[in-house]
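Position chain W against the provided structure of chain S, taking the given hints into account.
Protein chains in written order, with this note's numbering: chain S, 1 to 64; chain W, 1 to 128.
Derived pair list, reagent style DSS-like, types lysine-lysine, alpha-carbon separation capped at 27 Å:
id: 1; chain 1: W; residue 1: LYS99; chain 2: W; residue 2: LYS73
id: 2; chain 1: W; residue 1: LYS5; chain 2: S; residue 2: LYS59
id: 3; chain 1: W; residue 1: LYS45; chain 2: W; residue 2: LYS5
id: 4; chain 1: W; residue 1: LYS105; chain 2: W; residue 2: LYS73
id: 5; chain 1: W; residue 1: LYS73; chain 2: S; residue 2: LYS59
id: 6; chain 1: S; residue 1: LYS59; chain 2: W; residue 2: LYS105
id: 7; chain 1: W; residue 1: LYS21; chain 2: W; residue 2: LYS99
id: 8; chain 1: W; residue 1: LYS73; chain 2: W; residue 2: LYS45
id: 9; chain 1: S; residue 1: LYS59; chain 2: W; residue 2: LYS45
id: 10; chain 1: W; residue 1: LYS99; chain 2: S; residue 2: LYS59
id: 11; chain 1: W; residue 1: LYS45; chain 2: W; residue 2: LYS105
id: 12; chain 1: W; residue 1: LYS5; chain 2: W; residue 2: LYS21
Beyond 12 Å from chain S on every Cβ pair, some chain W residues (computed):
id: 13; residue: ALA57
id: 14; residue: ARG89
id: 15; residue: ALA95
id: 16; residue: LEU96
id: 17; residue: GLU101
id: 18; residue: TYR115
id: 19; residue: LEU117
id: 20; residue: LEU122
These are calculated hints, taken from the structure and not from any lab test.
Backbone N, C-alpha and C define an ideal beta-carbon position, used for all residues, glycine too.
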Amino acid sequence: MDVDFIFRIAAVGIIVTVLNQLLVRSGREEQAMLTTLAGLVVVLLMVVNAIAELFTTVKNLFGL
Amino acid sequence: MELIKILVICLLTAFLAVLLKQQKSEYALAVSLAGGAIVLLLVLKNIFVPLLRLRDALTEAGIRADAFGVALKALGIGYITGFIADACRDNGQAALAAKAEFAGKCAVFLLAIPYLLAILDLAVGLIR
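Next comes chain S alone, as it looks inside the complex:
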């Protein structure tokens, strides 16, 4: 669950950056923007799940 999760997010970030550069160079700025947004949504979903798990763990542990 832990280290590979961080690698996964970094990999998505790097792939989206490369794709973005590729699309911009080939003159398709709109697709570049869409790709960036799509990658961002995927990453945000993964991060939100991790943070939600953290918050529920803290809530159970500390009786909040």
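Same frame as chain S, now just chain W:
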């Protein structure tokens, strides 16, 4: 060793965050949040057992267990608030971080009010 693993994860996350900061800074935020969450989860898994043992020892010693429960709650609030406030501050949102910390302080204060009132009643009782 648990500590070494946590430190390596922190270093790794920092490295990846810096790597991603030039092109896409939102991914740097995502990586640092994810790394922070994972480190906190690892730490929590180690902290929990000793805390329960401490609570049992306190209840045997006759000290009211709910007082320790409130202390644990305050610790939890501080834990989460610090995590989010630092994440905000890392990404240049100092104002947001200050507001998050203010909210955390208010939450802890709300927790402490019953005990403040109890102390007040005790003091008033002694004076009269």
